[in-house]
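**Student:** These are the residues of each chain, in order.
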Amino acid sequence: MTEALTDTKAQPFIQIRNLNKTFAGRSGRGVAANATPQTVEVLKDINLDINQGDIFGIVGFSGAGKSTLLRCLNRLEEPDSGEIRIGDSVITSLSHNELLAFRRKLGMIFQQFNLLDSRTVARNVDFSLSVARKSKAARAARVTEILDLVGLSDRRDFYPGQLSGGQKQRVGIARALANEPIVLLSDEATSALDPQIALSVLDLLIDINAKLGLTIILVTHQLEVIKYACRHVAVLENGRIVEKGTTQDVLTNPQSDTMKVFVKVNNSMTSDTWREGEGI
Amino acid sequence: MSGFEDFLSDLFSLKTWDVIWPAILDTLVMTSVSTILMAIFGLALGTVLLVTRPGGLRPLRVFNVIFGGIIDALRSLPSMVIIILTLPLAKIIIGRSWGPGAVMIALALTCTPMFARMVESSFLEVARGKIEAAKSIGARNWEILLKVILPESLPGLIRAFTIAIIALISVTAIAGWFGGGGLGDVAVRYGYTRFLTHMLVAAVAVLIIIVEFVQVGGEAWAKHIVRKRHL
Ligand SMILES: Nc1ncnc2c1ncn2[C@@H]1O[C@H](COP(=O)(O)OP(=O)(O)O)[C@@H](O)[C@H]1O
Ligand SMILES: [Mg+2]
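As given, the protein sequences belong to chains H and C, one line each in that order.
Count along the first sequence starting at 1, add 2, and that's the number in my numbering.
Count along the second sequence starting at 1, add 6, and that's the number in my numbering.
For the record, the hints were derived by calculation from the structure and aren't laboratory data.
Please note: incorrect hints may appear among the correct ones.
Residues from chain H shown here face chain C by an in silico Cβ test under 7 Å; the list is partial [unchecked claim]:
hint, residue
1, 72
2, 76
3, 102
4, 105
5, 110
6, 114
7, 119
8, 120
9, 137
10, 163
Below, in silico cross-link-like pairs of lysine-lysine (BS3-like), each with a Cα-Cα straight-line distance of 25 Å or less [as the list claims (entries may be wrong)]:
hint, chain 1, residue 1, chain 2, residue 2
11, C, 153, H, 107
12, C, 153, C, 234
13, H, 136, C, 153
14, H, 266, H, 246
15, H, 266, H, 229
16, H, 262, H, 246
17, H, 107, H, 136
18, C, 153, H, 138
By construction, the Cβ of each residue, glycine as well, lies at the ideal position given by its N, Cα and C atoms.
My request is simple: use the sequences and hints to build the entire structure.
**Tutor:** Dropping the structure here:
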């Protein structure tokens, strides 16, 4: 962490340049023989700069390409073209082994938590450390430390099956942070949680961002999450970034159709006039 | 009703059990050794199927189609045919194409293709997200296989294994034809060929008990793991 923080702000910490991604269409499989293998352009010419220590939101409707964009950052999806830089590393040109090593510096958390049911809380976290080939002693110490950070010290020998959604996501966060990543990627991490639990998980992320200076990228389809946690935001619409800026600017002066709808819905829902709107 | 009494006294006579006991031992040895072979090869081949399938850890499209095709072709052959086909192989491996050793190899080969597919489908039950989470922390493919897919699929794998062992036991009946011995052999030779019903009944009863043990044991093991994990 420390050496990363001394980095000058000369150029943005994360740079995405001309990123494109297509998927071979899902249609045409098992259907008529003449069905052509359609390709779907999921990301179109994405350009984005993200500063170190920021909490950066990526928002859009379902199917806009948010998850795909996020997953390009650790190459769970392989981009078709374009370049991604994080710090001094050009992610898009890493070899397979370099990529594995770099992924240990990127944490990721998921909507469905994706914990290992076969392992206790402590051993879920230990999985990250074992992948990074840490020594036994260092692993044990780090597990204790990180579970303390996410407030789950008293649950270390529980199985995920014994935890609530909020606790599971804290384990997910602990696992993602175990190897002291330089970026945390969050794909709808609070979308499956009850509102007050979601809030406490967001508070934890904000707290970690403040304490560790960790850069966090939050993908969400919930405007409240952006409003509550993010300093900057990019709006994705059909695979294009249609708007980006500080959260305040984008929310007070929305330009894109997507953001106008988001803001309108948000205003209707939070207005104190009861059932007077015409709906959406 | 003296016929029935005769039957009962035959069934529990020393003469009968002098034949059955060694046959039980033969069946247990034969099944255990073939089970171990089947487990090793089935896990290995199932893993290859899983890893090379489209979207797998190391997709190899053409290889997967051909390899999967061979596995399925072998699976569709009657076990008797597979045994006949594999006995020459046994000759190469252990120098004999008859007797218990040869039969054990043949039995394992008979059930391995089926078990390989069952292993593959148990592995496929593991949620994609768990594998992606492992990838996202930089796990190597072997770590994903050994530390994620294998332990996460364990209850399903044990159930598949249970079914495969029982299938294997049922095939051991044919082993007698090739000098493998065992309970199936007794049932065929004494019960069918010589009309000694009490021998047939004794052999079948013991087979059923063995199968029931495997079934109950496997299910209890799988349940124990599920309960331990609070799933
Ligand atoms: N593996 C895939 N194969 C084909 N199409 C995909 C795949 N993953 C996502 N897509 C498509 O790409 C589009 C964007 O998906 P995604 O990035 O998950 O959107 P979001 O996270 O914004 O809801 C969707 O239309 C989706 O159907
Ligand atoms: Mg998504």
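**Student:** Next, verify each hint and record whether it holds.
**Tutor:** Hint check results:
Interface hint status for residue 72 of chain H: violated, as the beta-carbon distance to the closest one in chain C is roughly 10 Å, over 7 Å. Satisfaction of the interface hint for residue 76 of chain H is found here, the shortest Cβ-Cβ separation to chain C being roughly 6 Å, below the 7 Å cut-off. Checking residue 102 of chain H against chain C by beta carbon gives a least distance of about 5 Å; that is within 7 Å, so the hint holds. The criterion of a C-beta within 7 Å of any C-beta in chain C is met by residue 105 of chain H, whose closest approach is roughly 4 Å, and the hint holds.
Checking residue 110 of chain H against chain C: minimum C-beta separation of about 4 Å stays under 7 Å; hint holds. The interface hint given for residue 114 of chain H is met, as the beta carbon of that residue sits about 5 Å from the closest beta carbon of chain C, less than 7 Å. Look at residue 119 of chain H: its Cβ gets to within about 5 Å of chain C, closer than 7 Å, so that hint holds up. A hinted interface residue such as residue 120 of chain H counts as satisfied when its beta carbon comes closer than 7 Å to some beta carbon of chain C; here the least separation is about 4 Å, so the hint holds.
Interface restraint check: residue 137 of chain H against chain C, minimum CB-CB distance 17 Å, threshold 7 Å, status violated. Taken as an interface hint, residue 163 of chain H checks out: its beta carbon lies about 3 Å from the nearest beta carbon of chain C, inside 7 Å. About 20 Å separates the Cα atoms of residue 153 of chain C and residue 107 of chain H, which keeps this hinted pair within 25 Å; it holds. A distance of roughly 18 Å separates the Cα atoms of residue 153 of chain C and residue 234 of chain C; the hinted pair therefore holds under the 25 Å criterion.
Annotation: proposed proximity of residue 136 of chain H to residue 153 of chain C holds, straight-line Cα distance about 16 Å (limit 25 Å). Distance restraint check for residue 266 of chain H and residue 246 of chain H: the Cα-Cα separation of roughly 18 Å lies within the 25 Å cut-off, and the hinted pair is therefore satisfied. Distance restraint check for residue 266 of chain H and residue 229 of chain H: the Cα-Cα separation of roughly 14 Å lies within the 25 Å cut-off, and the hinted pair is therefore satisfied. Note on residue 262 of chain H and residue 246 of chain H: the hinted pairing holds, with a Cα-Cα distance of about 13 Å set against a maximum of 25 Å.
Taken as a hint, the residue 107 of chain H and residue 136 of chain H pair is honoured in the structure, with Cα atoms around 14 Å apart against an allowance of 25 Å. At most 25 Å may separate the alpha-carbon atoms for a hinted pair to count; residue 153 of chain C and residue 138 of chain H meet this at roughly 17 Å.
In terms of the numbered hints stated before, the structure departs from hints 1, 9, listed from lowest to highest.
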